[in-house]
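Starting from the two chains in their separate frames, assemble the complex, guided by the hints.
Chains A and B, in that order, give the protein sequences. 7 is the number that my numbering gives to position 7 of the first sequence; each next residue is one higher, with no gaps. 41 is the number that my numbering gives to position 41 of the second sequence; each next residue is one higher, with no gaps.
Treat the hints with caution; some may be incorrect.
Chain B is faced by these chain A residues, among others (derived, beta-carbon under 10 Å) [to be verified]:
| id | residue |
| --- | --- |
| 1 | Thr147 |
| 2 | Gln149 |
| 3 | Ala694 |
Residues from chain A that keep clear of chain B, each with C-beta distances beyond 12 Å, as calculated [unchecked claim]:
| id | residue |
| --- | --- |
| 4 | Ile22 |
| 5 | Asn195 |
| 6 | Ala520 |
| 7 | Gly530 |
| 8 | Gln606 |
| 9 | Thr633 |
| 10 | Ala636 |
| 11 | Ala657 |
It should be emphasised that the hints constitute simulated quantities derived from the structure, not laboratory data. Yeah, the Cβ is synthetic: ideal placement off N, Cα and C, and Gly gets one too.
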Amino acid sequence: MENYAMTGKILKIDLSTPAAEIVKTADYAELSGGASLAYRILLKELPAKLENAYDQGNVLVLAAGALTGSGIPGSCSVAVAALSPITGVPCCHQMNGRIGTMLKYAGYDAVIITGASASPVWVNINNNEVKMESATFLWGAGTHDTTAQICATVGREAAVAAIGPAGENKLDIASIVSLGGATADGLGGVMGSKNLKAIALRGTGAVGIADMEGFASAMDELNKTWLPAPGGSVVPAKAQSWSDYHAPNSWWNAAPGLYWGASASGVETGECAPGDTARMGLRTLSVVRDFGEKAADAVVRAVACPSCASGCATLLHLPALERAGLSPYQLCGCEALRNARGFMPKVGEIPEPEKEKEETEEETATVVEHFEYSDLEIAAAAASLAEDFGVGLLGGQLAKNFRYAVDSGQMEAALAKAEYGSFDWELYRTGNLSFLIDVFRRLGKNNSKFAVLGTADAAETWKFGEEFQTADTAPVCSLKRALDADKLHGAAEAALAAVSGDELRRPMTQLLDCGLTADAVEAIISAHCGAKTAVKVKDDILVPDAKAELMGWSAKQSYVASLLGLCSRLWPISAAPAKESGYTANPALTADLAGLVWGSSISSEQLEKEAQTGLTAARVLQCVHAQNLDPSTLDAVSDWVKAEDSLTEAAVTAALAQLYKAFGWNAVGLPEEKLLKELGISHAAELLKTLETAEAEA
Amino acid sequence: MSEHLLDQLLEKETTRREFLKTAAKGTAALALGASFLSLMGCSKDPMQEKGNLTGLPLPQGMLMVNSDLCIGCGRCELACSMANAGAAQPAAAAIHSDRGLQFGQNGPKLNYRYGDGLMGNGRIEPAICRQCRAPLCANVCPQQAILPDKETGTRTVNAEKCDGCGTCISACPWQAITQHPETGVAVKCITCGSCIAACPTGALAITGWTDL
Chain A
1 MENYAMTGKI LKIDLSTPAA EIVKTADYAE LSGGASLAYR ILLKELPAKL
51 ENAYDQGNVL VLAAGALTGS GIPGSCSVAV AALSPITGVP CCHQMNGRIG
101 TMLKYAGYDA VIITGASASP VWVNINNNEV KMESATFLWG AGTHDTTAQI
151 CATVGREAAV AAIGPAGENK LDIASIVSLG GATADGLGGV MGSKNLKAIA
201 LRGTGAVGIA DMEGFASAMD ELNKTWLPAP GGSVVPAKAQ SWSDYHAPNS
251 WWNAAPGLYW GASASGVETG ECAPGDTARM GLRTLSVVRD FGEKAADAVV
301 RAVACPSCAS GCATLLHLPA LERAGLSPYQ LCGCEALRNA RGFMPKVGEI
351 PEPEKEKEET EEETATVVEH FEYSDLEIAA AAASLAEDFG VGLLGGQLAK
401 NFRYAVDSGQ MEAALAKAEY GSFDWELYRT GNLSFLIDVF RRLGKNNSKF
451 AVLGTADAAE TWKFGEEFQT ADTAPVCSLK RALDADKLHG AAEAALAAVS
501 GDELRRPMTQ LLDCGLTADA VEAIISAHCG AKTAVKVKDD ILVPDAKAEL
551 MGWSAKQSYV ASLLGLCSRL WPISAAPAKE SGYTANPALT ADLAGLVWGS
601 SISSEQLEKE AQTGLTAARV LQCVHAQNLD PSTLDAVSDW VKAEDSLTEA
651 AVTAALAQLY KAFGWNAVGL PEEKLLKELG ISHAAELLKT LETAEAEA
Chain B
1 MSEHLLDQLL EKETTRREFL KTAAKGTAAL ALGASFLSLM GCSKDPMQEK
51 GNLTGLPLPQ GMLMVNSDLC IGCGRCELAC SMANAGAAQP AAAAIHSDRG
101 LQFGQNGPKL NYRYGDGLMG NGRIEPAICR QCRAPLCANV CPQQAILPDK
151 ETGTRTVNAE KCDGCGTCIS ACPWQAITQH PETGVAVKCI TCGSCIAACP
201 TGALAITGWT DL
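This is chain B alone, in the form it adopts within the complex (with noise of 0.2 Å):
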């Protein structure tokens, strides 16, 4: 039964609200489990006839970043842009460490020199996906393009949907989406681990999700 709530939750051209009440129930039913959800019957579920609620089934895991150890190599890039994009091709990628590498990911200031990136303190952390519990991305997207993966829970840009609009770019707090610069494609990190493979000095992992 969770499957085929899923398959709804993910394949349904639906409205906004009815997205977000199906978003209600499948957070409900991953948390109850199917046969309790089966007994209370999802028709009746009182809270979705509150209306504002938000809510995406849970990710089972998110990327990590120990930015002490990060020495700006790139390879993160290179390796998601080559797994996910078939090429290298850095601005492709769904994990952003060369933008910030020079002046942090806010860019340069006044005193850069004290500021974040090589030209400055030294501090470098690449902007990785947080896989959200409410994410702004998911949420201000007109055309309900990302959605969670049915397996994993990840935040997933259903690239059919995406219509290159680029609204969940200014959305995201952590500046972790970005468009293919090609294809307009809204990009974001699924995590698939393939930077986690190219890092040389073990910086990124994958998680137990935690709510940051």
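Chain A with its partners taken away, still in its complex shape (with noise of 0.2 Å):
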């Protein structure tokens, strides 16, 4: 199959020598990306026994997809895997952002980074031009400094994935970070500790699309008819004119009088129907879905990623930053600012301590200057933070998690009394956020007790007491990934997200959430996933057949966008806004996009194969890595999930059973020898085979 979207070439490049060299992607796959590359690369590439992620053996791997740069809306995804830090077993996140188009531009489709530089470095890729820059200059440098320093050096339209000090200092939950917000939780240490600080990309080539007329023509209908606000969000917010329905937590929350405050002509977003393609990029305003209309008024614009209509970032003026030395302007990722929310106490929330007797007068008239921030002020500044030091948000759960340890005096209980006295608590019950740049310092720095904050294990380390494991504060799958839900749906989702987090379950979640009636879903439901049967979604019971049915369409569908390079926020596209359409998108619309782009058909089963091959991919390395030929003893659910959304034990476990069927694995989730091979990836028998043989021997 010619195919225009893939390049066919694969960047290797070894740090240790240094050298680099161009190898065939059809060495890997023939026609993968993203996720689905990246693992059918680590299976190859990655050592099955290494002493931790730190190891100079890891291998970090960024995958563009398949679509990536094609001009589709949301087609900038790359996906970025290596052994994960966070999980000890090999990890992929799907980062937005530029530096995924200009991969492709570039002339790749994956960079492949093995062993370790002696010293600090670089890599600069121009098109076909690499090399390694000394980044001595560059160590200890935030994320912003060091991608404004590069960009100085190279152009200013380099794309650039750094590391800040957290992932120097291997801080657990380092983060890679790019323009946009565009974060990998987890992988930064694995650049730190190969001394690499970061990665600058610039691309001048094309994605080629074969057909041109009816890609233009498709693109149209897209726009027209079946894109969403991101989220999958398919109503407005508040009841519209355009629309029969609302939904108060949808992500298309344009509304008359809602304006881009901070905007110099202060742009009003309005009513913005489907098929107005010109207000598109108005839909949606993602800080105002999570704060409140008064934050409105901090927003200068809403930005977004390469070829996205949807604008979900949001680039904010909060002047009152200003106080604490930061830049008052923050452009905020669409998750970004949810995750940093909460970090320090509001003004009055924790009490002024007693004064002490002798105290005299002249010491009591000394203030502390009280700074009321709001919020938004405080999660802006916490996210901004979060991105220059590289520290990774972990969904939200690294404010939980310190929030608990500084309240409960959890903290004050691990921490030596120096430690604990070195920090200015005064500071803290005022919330000034200068305390709030102090605790970054430190988790950047990596060099106290108190960066135990900056690993997986916090709650067990500190001994968190039961409280702590509410739906509020605990993370909630077993593979310590925090997730977003505020309920779940039911014994399936907890099932996807207890397999690998919270990507599996997101088209199911954001089918489920896009704001139509129940009955309409299921409508949706039917044409999509093939059920049969039918899904009676209200109430959370799902007739068991349609709902294994619907868990493996949402496992697939993950990865099927994740191999194409599209967004997760916007696919796939299950449900569509215009009301013509009868509110379901064409099932096959992936497929045909992807089919004219290539130059030559390719049906929907054909991209879920290898969906299905690189989730068995990584079921194969989660298992080496984690040495557990019983992996379904990895998918436990928390018991207080379980309690908060009245599951049984034995809900969940049927739940599992039916995805481990969808995925074609054995009883206990192991994929088996003869589906490694009816996927191509015999590779991976091999590598179970001497675990096998590993433990018999044990």
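Laid out in structure tokens, this is it:
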């Protein structure tokens, strides 16, 4: 098959030598990308036994999607994978922003980084030129300054993925940061362990479109009929003239009277009906969804990733941040603000300690200045500091852990008196953001006991009490990935989350939360998942067979989106906003678009098979690195989750069994040799055999 | 007659001085109309004897951007390159959004946190051709490859004449002209409108020409 959108080339860089070579994508896969390609690469390249994620043998992969850079809305995603310091098994995160498209325009489907440099370096990729540059002058700098310094050197347009001090110092939750809040939690330390400060990309090449006329027509239909707001929302947050329905939690929250309040001309979002393609980018103000309408006053503009019509990131102007020495301008990704909220108490939340009797009048006259910051200002400051120091927010878990540790007294108990006393707690009590700067500086340094907070085991190490195990604070799944759901959609969603964090469940969650009626959602499930039996969404009672189909569909579609490089906040598109479409998007939409770009037809089944291959490769890698041939033991759902959502153990076990079946795995969730051969990853079978032999010998 | 004049203007290989003379005639012709021009007689136009004349027929329209509405998605670049270069290739586009996205069109400075771009004060504005009255790109082109379109007056690159020297790129005060990464041919806006259709916030429009 002639494939226009895949370059057929992978750049392989060995930092130890150092050396770079170009290998063929076909050595790993015929037609793949994103997470599927990344896991296929790790299957071949990642040594089965590593000391830990910071071992020099760890392999970092950046894999663009097979449609990344093609101009399809949201086609900017790149998968970043390596052995994770957080979980101890290989992981893969989707990063949006400009890195993925630049990688493709530079002429590569992926970059593989092995070995470690003897001294700090950054990799400078300019089309077919690859250079290792000294990063000695950047070591210790934040990600913002690093990006600016590199762009000043190589060009304003370079896309830079950098680590901050946290990554350099191998904090477990360190992130890789690129413009637009695109981060990959946990993998910053992997770059740091390789002495790799940043990867800079510039590309001037093209992604060819085989059938340009057909593609233009399909894009027109997509924009006018199918394209939802981020989060899969297809109805407005408030009643509007064009819609029969509305849902308060919708991402489609543009409304008359709602303005980008800090823009020079005060842009009004107004009604943005489907079909009005000149207003698609005004549909969403994620900051208003998370912080209320008052937050719109700080919005300079919505910001979108390359080729996306929905600006779900926001550029804010918050002059109060200057009081803490931070920039008043903050670019915040769609989830960054939500994940960063609640780091500091509000003024008055923590009572003033009683004054000691011997205090003189003069001393009592010295008052710490109180700065009353709004929730939004605190969140923006925390998001900015986390990005600059390269600290991952763990989907909001870091803030929860920190506040719980401080407010419950666990932190005081866990730290030596000198270290605890070295914090200025008066700043904390009075809500001064200078305290927050100190917190991130210490996390970035990773040289004190306080930095335990930057591991996934903080709750266990500091012995958080039982009261921590609630929906408001505790991590949800066994793999310690925090989830953002207010409430799960039953055992099916819990099972998906247990197998692989929140990625696999996202297509299902977004569909169930799209804002349409239960009947409409059922019709969509029927059309997209092939569920022949009725699925009663309301009351969360799913008919078993249909539930299995829905779960399998969700997991595979999440991997299809990744392999094509499509943003998971928009894709798969299952519900549609246009009334005339019957609210059901064309189930073959993704495959049709891929066919137009690639020049030969491809079926949804072919894409799903490659998705299944990626999922299965990930599972094998999980087993190999956890040295566990019964991976069902890794898929446990926390007791409090079951209690919170009234799930029985039996329901979760049954849902997991159905999920394994949908993936073609055996009863304990292990892929067997026959399946691995069918999927063309026989190498995975050899890895499992080696593990079996080792277990038998043991 | 004006048609004939424009044909001459656009197709005939001329020396620089001839080009300027003809351009002056063209300006006059468009301004005064064909009948009046025939009455006065082009060859006897006293203006042509003065030498230092510059000017081209004025364009009918120009691309404008409302930068307050720009969300930095780069769909304008993609649509432009698809329509005019046949592929999704922002580097071959005639509108330039992405390169100034992070630090503004002039790149990062020491105080980048307060400078233009998303790494700074959030000001983003695609660089676009203003269809200048006296375009420096055309004036400096040693091949006289940048000429007004017959129909619209839009300053257009004649790809066959352009030898990819890049002089026009340095000359353009708006940083609005670039070179195709593979062919080296100068690329500039021809007001085709493909970017407008792709913009998801209605930030772009073709308006009546104004001298900026």
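Against the structure, the hints come out as follows:
A distance limit of 10 Å between C-beta atoms decides the matter here; for A/Thr147 the minimum to chain B is near 7 Å, and the interface restraint holds. For A/Gln149, the suggested interface contact is upheld, since its CB lies about 8 Å from the closest CB of chain B, less than 10 Å. At a threshold of 10 Å, the smallest CB-CB gap from A/Ala694 to chain B is about 48 Å, leaving the interface hint violated. Taking the minimum C-beta to C-beta distance to chain B, about 19 Å, the non-interface status of A/Ile22 holds against the 12 Å cut.
Residue placement check: A/Asn195 keeps its beta carbon more than 12 Å from all beta carbons of chain B (closest about 24 Å). At roughly 26 Å, the least C-beta separation between A/Ala520 and chain B is larger than 12 Å, which holds for a residue marked as non-interface. Distance check on A/Gly530: its Cβ is at least 33 Å (rounded) from any Cβ of chain B, clearing the 12 Å threshold; non-interface status holds. For A/Gln606, the condition that its CB be more than 12 Å from all CB atoms of chain B holds, with the nearest at approximately 23 Å.
Residue placement check: A/Thr633 keeps its beta carbon more than 12 Å from all beta carbons of chain B (closest about 45 Å). Here A/Ala636 stays apart from chain B, with its beta-carbon at least about 41 Å from theirs, past the 12 Å limit. With a least CB separation of 43 Å from chain B, A/Ala657 remains clear of the 12 Å interface cut-off, as annotated.
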